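Visitor: Each chain, written out:
4 protein chains.
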Amino acid sequence: MSAPLGVAVLGTAFMGKAHSAAWRNVGAMFPDAPATAMRVLCGSDPERTAASARILGWQEAATDWREVVTRDDVQIVDICTPGHLHAEMATAALAAGKHVLVEKPLATSLAEAERMAAAAQRAAGASMLGFNYRRVPALALARQLVHEGRIGRVRTVRAAYLQDWLVDPEAPMTWRLRAETAGNGALGDLGSHVVDQILAITGQHVTGARGALRTFQQQRPGPDGPEQVTVDDAAWAQLELDGGTVASLEVSRVATGSKNALTIEVHGSDGALSFDLERLNELVVTEGRAGWPARVLVTEPTHPDLEAWWPPGHVLGWDSTFVMQAAALLRSIAAGQAPEPSFADGLAVQRVLDAIERSDAAQGAMMPLGDAR
Amino acid sequence: MSAPLGVAVLGTAFMGKAHSAAWRNVGAMFPDAPATAMRVLCGSDPERTAASARILGWQEAATDWREVVTRDDVQIVDICTPGHLHAEMATAALAAGKHVLVEKPLATSLAEAERMAAAAQRAAGASMLGFNYRRVPALALARQLVHEGRIGRVRTVRAAYLQDWLVDPEAPMTWRLRAETAGNGALGDLGSHVVDQILAITGQHVTGARGALRTFQQQRPGPDGPEQVTVDDAAWAQLELDGGTVASLEVSRVATGSKNALTIEVHGSDGALSFDLERLNELVVTEGRAGWPARVLVTEPTHPDLEAWWPPGHVLGWDSTFVMQAAALLRSIAAGQAPEPSFADGLAVQRVLDAIERSDAAQGAMMPLGDAR
Amino acid sequence: MSAPLGVAVLGTAFMGKAHSAAWRNVGAMFPDAPATAMRVLCGSDPERTAASARILGWQEAATDWREVVTRDDVQIVDICTPGHLHAEMATAALAAGKHVLVEKPLATSLAEAERMAAAAQRAAGASMLGFNYRRVPALALARQLVHEGRIGRVRTVRAAYLQDWLVDPEAPMTWRLRAETAGNGALGDLGSHVVDQILAITGQHVTGARGALRTFQQQRPGPDGPEQVTVDDAAWAQLELDGGTVASLEVSRVATGSKNALTIEVHGSDGALSFDLERLNELVVTEGRAGWPARVLVTEPTHPDLEAWWPPGHVLGWDSTFVMQAAALLRSIAAGQAPEPSFADGLAVQRVLDAIERSDAAQGAMMPLGDAR
Amino acid sequence: MSAPLGVAVLGTAFMGKAHSAAWRNVGAMFPDAPATAMRVLCGSDPERTAASARILGWQEAATDWREVVTRDDVQIVDICTPGHLHAEMATAALAAGKHVLVEKPLATSLAEAERMAAAAQRAAGASMLGFNYRRVPALALARQLVHEGRIGRVRTVRAAYLQDWLVDPEAPMTWRLRAETAGNGALGDLGSHVVDQILAITGQHVTGARGALRTFQQQRPGPDGPEQVTVDDAAWAQLELDGGTVASLEVSRVATGSKNALTIEVHGSDGALSFDLERLNELVVTEGRAGWPARVLVTEPTHPDLEAWWPPGHVLGWDSTFVMQAAALLRSIAAGQAPEPSFADGLAVQRVLDAIERSDAAQGAMMPLGDAR
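Protein sequences, first through last, are from chains A, B, C and D.
Numbering that gives the first Met the number 0 applies: residue 0 is where the first sequence begins, and numbers increase by one.
Numbering that gives the first Met the number 0 applies: residue 0 is where the second sequence begins, and numbers increase by one.
Numbering that gives the first Met the number 0 applies: residue 0 is where the third sequence begins, and numbers increase by one.
Numbering that gives the first Met the number 0 applies: residue 0 is where the fourth sequence begins, and numbers increase by one.
What the hints contain is simulated information worked out from the structure, not anything from laboratory work.
Treat the numbers as computed from the prediction; the structure is a model and nothing was measured.
Treat the hints with care, since some could be wrong.
[Said to hold, decoys possible] Short, incomplete list of chain A residues facing chain C, as computed with Cβ under 10 angstroms:
| no. | residue |
| --- | --- |
| 1 | V284 |
| 2 | T285 |
| 3 | L296 |
| 4 | E299 |
Backbone N, C-alpha and C define an ideal beta-carbon position, used for all residues, glycine too.
Just chain A, same shape as in the assembly (with noise of 0.2 angstroms):
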């Protein structure tokens, strides 16, 4: 048995948490994967990152990233930081010999994330980006049955992504509400998630998109007053795909009643598929021209990552998506694989979403993508 792989993760935060409780429990859910150490929590605030470290079972904290990308006894860097900081972080550790995942969003402008995709390709180490629902059980089914060709040629997608949490009018001001922080809003930060899923499940390319963006509360309360909101509350789009899908998708973050509603409908020449989210452990399966939409509860061994997990029956959480995600990226490691979504997955989307706010730019035109894979 070889030595575990040594793990630092970046980031204290909401997603720092959740790649922690990936680390914590990868081991005991996928015994076959190469065994892996929590080295190291890394965090701005000394005191508050040394608390969280030895809450979340992390046997060392620390405040310079730079000195832990380098370490020795570290093998792979999970970067959970805001978004803007994620190039440099990324690319140092790639530079360093490491395995990097990187949260999404892979970037905050365009050109970040072709120098990141580039970086990727030249390095030794892998890297893989966080797109966590790509391991839904039943997202991974989804695709598998697409892919399969059990539902024929995908015609339509239908695909939204509808939260509530800026409904309230009073709802503060925030950096995530700025444009020069965020990029954009419900569009990088949903619509995201929704683009990889349309080219994950499709295996297509998109050949143009065309889209809107609109902000419905232009300003928002400022510890000193109102401030002006500079990205977009919702979001619209529709994309052309090389194997002539057409997928439309919608997303929002003031979608009373919707809290974490990622929906998609997926139409093909002999069948159909519907997910949601907000049930996670579902999938609905129409197969063939004449069937019913059937209610599959994607807990069976033999559904996707699922061999060693609970029962049949015995549901799965959101946090599950990050234990499955360190293991894909362990078992790639172990293969010498490139691990899936790669940051060129990651460029992919964001070139889409760019394309998205040209249009809106341009009263809604459509925006070839001549080079979107």
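Use these hints to put chains B, C and D onto chain A, whose structure you have.
Guide: Then chains B, C and D, alone, in the frame of chain A:
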């Protein structure tokens, strides 16, 4: 008690049968509305029309519609013929001083629709367009809740109308799939209902539209070999409304597994609504920003048009909407008020559909609709 | 073409209205069935009956049921009066050589029910009991699937019929809540439908029954102060069937939030079915031991009784079941066959209900039903 | 900060794995609870236990449970072995002054359960029974709403726990299907959870029980030919509670298409609740007599045990209930309070199950439970 209003139905196919059922039942379900007499059913084939008239409960059968629309014992002319005949028949009936009900679509061209709306405005008789889904009690309740402000300002509407009857590539060519006879495809047939609902529920007017059409199956078998399909199988659009709402819609005749799925989600600043025609008796209502989606079974006597129907929990069928539609026309006639929806409402819908087609031809660019009301 | 069969309906209340709708529409929806004429509506109040007759489409009104059931121009007597009148009216009509349809329950005592079943057996005319839910296409499909062996041997049925109209303790006293007028409460009113479905779907006979009744609200306001409720608000039972199936059922009039929720789950050795009357057009079908529950929209022309109805996806209402029931009676008359369900079927149900009441009195002990067929 | 509490888990199978996950994660999800250290995993097979201990995160492995339960560095003994070992292990651990968590069922006989409850009462250490579904946030919310009177007086509970793993007649014989090793079948395994929920949600005590058991598949293949199944495949019961509630329950291991469907419907005088374990994150709440069923996604920080979990809409898995269970035990220890559910709660459940079995033997007659608390 005054003499009953004599009714004539033009057309003996699917819609003629559905409207006949309405006239057969409206007196029993809405005894407060003016009484009617089922005078004459008019069709092109003498024998078949005679048989249908007998079965469907008509006193007489006829084949000459021009004669029928001027009969003294006919006060209401109900037009259920194919769309390209609507304009001539409706204007003739209005000119003869009759009340007129026209099955949707109003007409097959914008010019015709404008002439019909103008004729309706001039006429002494009442004129009504048969958007029967306005009478679905759950949709009428949705409209009422929005107009009462129960969900606040409407920010977004997400709608679709998905059917599957063209999924099979071997489904044969018909007049519905040729531009010259049908005008357009899913957009007109299904999209007209969706746009009318968006207008009715929000109470707003469309100021701009963009969209796209797609024909997935370009050829279908005709009697003498493959023929070219010249209408859309599916369409997408985004509408901007003058009250600040953004609406998106998707329609399809190739949506495997969806039989008659007109779905509408309305997100307001203080609540949300959602509806699915396959569950015609239900409206999902979220009240307040922190509310949860409640499934309302719309069969209570306090719900729209249900004061005289069956007891709570005894669900209604699709055909009941035609009974309610007939009652609405009769009540408007009795009250001397213009019935709803009017030909002008139908014209507004047609202008939106026309803008969507023009946007499709212009690569999706926004088409302004300054006068869409 | 032979002369139409003359129909008389006895009773002008809720069921009289529902059955009138059936006779008004059966010819249009089932043109292959024998034609009928709506001869006479019979009620106790001359004025109200005359008004109802006019509104509901009857040629005449009458108040003397004994005269009506012997009229030469009446071939079918449809009895919609309160249960305690059924026996006398039905036997008189059968004695007069008429075909008879009796709204459920067959009678209010087992002795009466036995006499009626015997009279039906002797009579020349057809006799049918109005368990209209047998005509719900989804339930008819359930029965068909079971009888075809599509879900294997039926092991268990889990059924309930839950309503909420007595939830309010201030809901007033009525004849339905007195044992002397109503016989029993939820057990007879709701349980009779449930037991009939269990028998129809399984095709088996009950060999033993146990159960319990409960009156949660013992007193309710009457015109002169509180009165004693002498029937059950809710009941539970377990049935053993001769094919090895065990069925459980629960009925309630105090089930808050349930309007008309007749739910039936059937678990077989090779599949399962489930149904909810509030979603009348749907049957959930699980085929095979490893199958998943598929939601079938029971509106296809291949589904029971739907060959001549609306196109797929156009849902049916509760009232359509009465149209189908009338058609079934007419077709049986035309074919010279005994209609289903028969008075004997109603008697079988009543024997089961009686055994449940006896079991309740005996602290829940099993009551054998050797002759329950 | 005091020293962490040392934990030992006895048992390495399914439940040992689930409980290990709880101890691995409780500190991260509930940092306010006392800290723990995963001292030792104890199993019968030295090699397999060592491997499991390493994978699951334990410091040590052991095979002698008697030695483990007296170790000085162990303060909490968590018993996950088969039921017939619970009594001896738990009483030994309690005698050694440890806190004890016992996976359900408490014991395999009523006598043993009584001895364990008595031992727990005398012991200095805390004792808790692992009815983990008490920790399902939606069920905890159900209980809270009932106890706050939000749905008024509970009139009826309708519950079921349906699984399908014995549907196949060729499913092999196991110790779970023999009375001598398993006590009983579906009744004990599934019914215990259901009865515990009925007691917890209503807060009442059972005064009488009746029921029936059934073995549909009497023989199953063993290594040397067909063997006799001596436990029930399915069971039904009706309970009377001292607060006036009537509860019905049905459990089955042959319910085709149901994987893990613990469903509970609670009908009160002023509202209703319903739950399905296959949709673990949802509770359907009807408030008021005229309310409608609202689907609450139980992932809000204000919901039970969720203040420190993931953001709203990020659903939890089945395994999270064990984390919450561990936290509840730790918080009780810290507060010096008796944890819930206690051994006495487990004894109360077992008395009800015993009465159901006695009723089955007595043809379903009601068995009084005067002392069932």
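Visitor: Now look at each hint and say whether the structure bears it out.
Guide: These are the hints, each one checked on the structure:
1. For V284 of chain A, the interface hint holds, the least distance from its beta-carbon to any beta-carbon of chain C being 7 angstroms, beneath 10 angstroms.
2. Interface hint at T285 of chain A: satisfied, since its Cβ lies 8 angstroms from the closest Cβ of chain C, which is below the 10 angstroms cut-off.
3. With a cut of 10 angstroms, the hint placing L296 of chain A at the interface with chain C holds, because the nearest CB-to-CB distance is about 7 angstroms.
4. A hinted interface residue such as E299 of chain A counts as satisfied when its beta carbon comes closer than 10 angstroms to some beta carbon of chain C; here the least separation is about 9 angstroms, so the hint holds.
Comparing the model with each earlier hint shows no violations; every hint is respected.
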